[in-house]
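A.B. asks: Now for the letters of each chain:
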Amino acid sequence: MKNYDVAVIGGGFSGLYSALLCAEKGLNTVVIANGIGKILFEDGIIDLLGYYDNNVISDPLGYIDNLPKEHPYSKINKNFIEKALTHFLNFTKQENYEYVTYNKNVWLPTIAGTFKPTFLIPKTFIPDTFKDQKEIIIVNFKRLKDFYPELFVNNLMNINDKYRNKDYKIVNIDMDIYFDRDINIVDLANLLEHTEVQEYFAKKMATVIPKNSVVLLPQVFGTNSSYKYYDYLTNTLQAKIIEIIGMPPASSGLRLYNLINNKIKALGVSVINNAKVISSIVNDNKCVQIKTDILGKKIEYQAKYYILATGGFYGGGLESKYPGEVLEPIFNLKIDKPVDYDKWTAELLENSPQPYAKIGVKVNENLQPINEAQQVLVDNVFVAGRNLSGFDPSYEKSNKGVSLASAYKIVSLIGEKINGI
Amino acid sequence: MEYNLDNCLACNICNLNCPVMAVHPEFKGPKLSGPAYERFRINASEIDENILLCSNCKTCDTVCPANVPIASLNMKAKANYYKYHKHSLSDWILSNGEKLGKFASLSPYITNFSIKYFKKALKLVNISNKAPLPKYSKKNFYQEFKKIKQQSFEHKVLFYPGCFINFYQPEVGIDLVKLLQKIKIEVIVDERFICCGSPYVSNGYLDIAKNNAIHNFELLKYWIIERKIPVLALCTTCSLMLRQEYQELFDMDEIKTIANNIYDAGEYLLKILPKEIDKIKINKQKLSEMIYHAPCHLKVQGIGLPFYEILTQIIGMNIQNADAGCCGISGNYGFKDENYNTSMKVGNKLFDKIEKSKADVVLSECGTCRIQIEHGSQRKTEHPVTILEKLIS
Chain A
17 MKNYDVAVIG GGFSGLYSAL LCAEKGLNTV VIANGIGKIL FEDGIIDLLG
67 YYDNNVISDP LGYIDNLPKE HPYSKINKNF IEKALTHFLN FTKQENYEYV
117 TYNKNVWLPT IAGTFKPTFL IPKTFIPDTF KDQKEIIIVN FKRLKDFYPE
167 LFVNNLMNIN DKYRNKDYKI VNIDMDIYFD RDINIVDLAN LLEHTEVQEY
217 FAKKMATVIP KNSVVLLPQV FGTNSSYKYY DYLTNTLQAK IIEIIGMPPA
267 SSGLRLYNLI NNKIKALGVS VINNAKVISS IVNDNKCVQI KTDILGKKIE
317 YQAKYYILAT GGFYGGGLES KYPGEVLEPI FNLKIDKPVD YDKWTAELLE
367 NSPQPYAKIG VKVNENLQPI NEAQQVLVDN VFVAGRNLSG FDPSYEKSNK
417 GVSLASAYKI VSLIGEKING I
Chain B
54 MEYNLDNCLA CNICNLNCPV MAVHPEFKGP KLSGPAYERF RINASEIDEN
104 ILLCSNCKTC DTVCPANVPI ASLNMKAKAN YYKYHKHSLS DWILSNGEKL
154 GKFASLSPYI TNFSIKYFKK ALKLVNISNK APLPKYSKKN FYQEFKKIKQ
204 QSFEHKVLFY PGCFINFYQP EVGIDLVKLL QKIKIEVIVD ERFICCGSPY
254 VSNGYLDIAK NNAIHNFELL KYWIIERKIP VLALCTTCSL MLRQEYQELF
304 DMDEIKTIAN NIYDAGEYLL KILPKEIDKI KINKQKLSEM IYHAPCHLKV
354 QGIGLPFYEI LTQIIGMNIQ NADAGCCGIS GNYGFKDENY NTSMKVGNKL
404 FDKIEKSKAD VVLSECGTCR IQIEHGSQRK TEHPVTILEK LIS
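As they're listed, the protein sequences go chains A and B.
For the first sequence, our numbering assigns the number 17 to the initial residue and increments by one for each residue that follows.
For the second sequence, our numbering assigns the number 54 to the initial residue and increments by one for each residue that follows.
Hints listed in this document are in silico derivations from the structure and should not be mistaken for laboratory results.
Misleading hints may appear alongside valid ones.
[To be verified] Here are the simulated EDC-like cross-link-like pairs (lysine to aspartate or glutamate), alpha carbons at most 20 Å apart as the crow flies: (1) A:Lys18 to B:Asp331; (2) A:Lys350 to A:Glu388; (3) B:Lys328 to A:Glu316; (4) B:Lys309 to A:Glu316; (5) B:Lys398 to A:Glu212; (6) A:Lys292 to B:Asp306; (7) A:Lys314 to B:Asp306; (8) A:Lys132 to A:Glu58; (9) A:Lys281 to B:Asp243; (10) B:Lys324 to A:Glu316; (11) B:Lys309 to A:Asp309; (12) B:Lys406 to A:Glu111; (13) A:Lys314 to B:Glu307; (14) B:Lys155 to B:Glu79; (15) A:Lys279 to B:Asp376; (16) B:Lys188 to B:Asp243; (17) B:Lys334 to B:Asp243; (18) A:Lys281 to B:Asp376; (19) A:Lys120 to A:Asp69; (20) A:Lys320 to A:Asp69; (21) A:Lys161 to B:Glu307; (22) A:Lys158 to B:Glu79; (23) B:Lys402 to A:Glu209; (24) A:Lys18 to B:Asp243.
[Stated by the list, open to error] Covered stretches of chain A, as calculated for chain B (at least 3 residues, CB under 8 Å): (25) 196–202; (26) 307–320.
Every residue gets a Cβ at the ideal spot worked out from N, C-alpha and C, and that includes glycine.
Chain A on its own, in the form it takes in the complex:
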């Protein structure tokens, strides 16, 4: 049996990014994911903090001091959050898929014709020209489901006068490729990885897109993290092209997944897929082993440190089998439940926080699991991402920001302990 420096439980963004940071420090790392995790359900952009307490936030870093002490950002501390963001920007730059930041929130159009606040974006999403230009061309594709340009335009026009008074022109492109089924955005993105399809699309676009146009379209620029074709097309058409954030599965999520997954594998991280960690052995406040079980095949993994990045209720990191009870299934950690069971949910589809969202693992400032008396429960376990307590990522738009910052802080602490760096 092999001994790792770090075992990361969970293959989502928190888990993969933790593994990347570990591998960069030269730590011998294994990632154990149930399936490949739920990362492909994400959109690949990094939200930091968009809303809090009915406030619309434009400067999320500036707002962090206003957050209550239970919020993960307060525990992680602004210094680490800034370092984490810088690390992400440097990493994407070094891999030739640079993300862009405005150092404040940027509002991106979504496929529903609304806007969403976010913080770090790939350059295919830069929305500046959309705001300023009067004439907008929207590209739709024949047989594409999941995009309704008329709905997109109608909803935009309901936002305010600025968007009502633009001229929207919808153009339909037939990719002339035989499909005996509906196609989704990822099908198109996959097709546009092939040179001959890229050339065909460029020709078709040239016939409908005049020079200096501003063009909005679904995320079709490939499933790999590369700007090559996007740059080529914007240059040939001499147009501004903006991708619209879509429904999952999102090609931009796939691009970020491919970027990190390829990198960690190249750095020698072992990635075990389709392996669900079901239990752990803890002796004297120290985890000595975790175990996976696949239809009776049990495999043990040992590491000096464990990063618990199993997600919340949706990811499987938290379970609620009986009314009002919440369980963290691997270590049976202490759960923070800020409200009573009868107040867990607010009105559905209201633009307001859901109280149950703040349920999560109780941790200290080092993101180690603690009990009511603030004592650390398992010394060598750290908690990253969605299974932390005290935040509502859907309402706040803080999901990947918390994942990124918590992963960064945890791996910094582990690095200090192992390498003294």
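Starting from the known structure of chain A, fit chain B onto it as the hints suggest.
C.D. replies: Just chain B now, with coordinates in the frame of chain A:
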């Protein structure tokens, strides 16, 4: 095995990763053909022939974050489809590798000669004449095994060669025996074991596969429970079938009690080699540059890539992991005339990656992956156990 279809959240992660869907414009994908349609399959006569496009590579199961056995749902539906539709002759031929193997082994020269010179005739039975059919070996594994004079050790394992190693590449099995002998393990074989049944499953003969499962299960119980000897396989499809798919397809929940002692050989070695590492000698010889392809049926087992991990992390070799998805052959899917093009398109990503690498040799645990890779990328292939056997003395 009972499972709740509502575990499927319709998240589409399977569709995003399905190698057939990525190249075939008609395949409706694992989400629809698996859990979604399953709800409506009250009457087997209504099963759509679209299900035949599923190659049973099980990538959907590997990536599913909700542990839905999608491919097995598809294989059950495929078997039901054939209750109302006729099988093609290729289904029968490609499923019965074991029976044909026994017959062909009587005179492998004549069989190989016939296949080579009557390739055009294959098309008549829906087998592609372009596909890389494997060649029968002069002697099968069990015959070769008898020639080896093993040292007897207290530590014993049972080796299940499976049809591919038995009839086509017995030398790979022999390499495992030699390797295990070097680390003081004695190998036992049991000729009563029969084909794991996987080829029957992917061609829709679920009843035959189940008979094989019941037969093999009794033997597995005998060796594991009564004799307390673990069972090893080198073919990842066999190990997957024996310990995972018997449960998923035939409700054989009892397998759970012995699953822990059915091993992929690499997995077994990874478990014991670190303890032996001080006692064994590693020959640091210069070998050709190599690249590794992980078979889909290994990835779905949730045990990582044990042979790759041994070679790179324990032995310390520098081998690239191609990590380029399915090779396309998926057992015998790509041998069929109607699937040959799909299978080559699926494999293209892998072939490209191999061609771009400087490697002369491609390593992979799966026999049909190896012949598909030789066909698609014109490189030599080896089972990783062959390399490991050379390195350890």
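A.B. asks: Does each hint fit the structure? Answer for all of them.
C.D. replies: A quick look at each hint next to the structure:
| no. | hint | verdict |
| --- | --- | --- |
| 1 | A:Lys18 to B:Asp331 | holds (14 Å) |
| 2 | A:Lys350 to A:Glu388 | holds (8 Å) |
| 3 | B:Lys328 to A:Glu316 | holds (15 Å) |
| 4 | B:Lys309 to A:Glu316 | holds (17 Å) |
| 5 | B:Lys398 to A:Glu212 | holds (15 Å) |
| 6 | A:Lys292 to B:Asp306 | holds (19 Å) |
| 7 | A:Lys314 to B:Asp306 | holds (15 Å) |
| 8 | A:Lys132 to A:Glu58 | holds (14 Å) |
| 9 | A:Lys281 to B:Asp243 | violated (39 Å) |
| 10 | B:Lys324 to A:Glu316 | holds (10 Å) |
| 11 | B:Lys309 to A:Asp309 | holds (10 Å) |
| 12 | B:Lys406 to A:Glu111 | holds (19 Å) |
| 13 | A:Lys314 to B:Glu307 | holds (15 Å) |
| 14 | B:Lys155 to B:Glu79 | violated (38 Å) |
| 15 | A:Lys279 to B:Asp376 | holds (12 Å) |
| 16 | B:Lys188 to B:Asp243 | violated (24 Å) |
| 17 | B:Lys334 to B:Asp243 | violated (31 Å) |
| 18 | A:Lys281 to B:Asp376 | holds (9 Å) |
| 19 | A:Lys120 to A:Asp69 | holds (18 Å) |
| 20 | A:Lys320 to A:Asp69 | violated (40 Å) |
| 21 | A:Lys161 to B:Glu307 | violated (44 Å) |
| 22 | A:Lys158 to B:Glu79 | holds (16 Å) |
| 23 | B:Lys402 to A:Glu209 | holds (12 Å) |
| 24 | A:Lys18 to B:Asp243 | violated (31 Å) |
| 25 | 196–202 | holds (count 4) |
| 26 | 307–320 | holds (count 7) |
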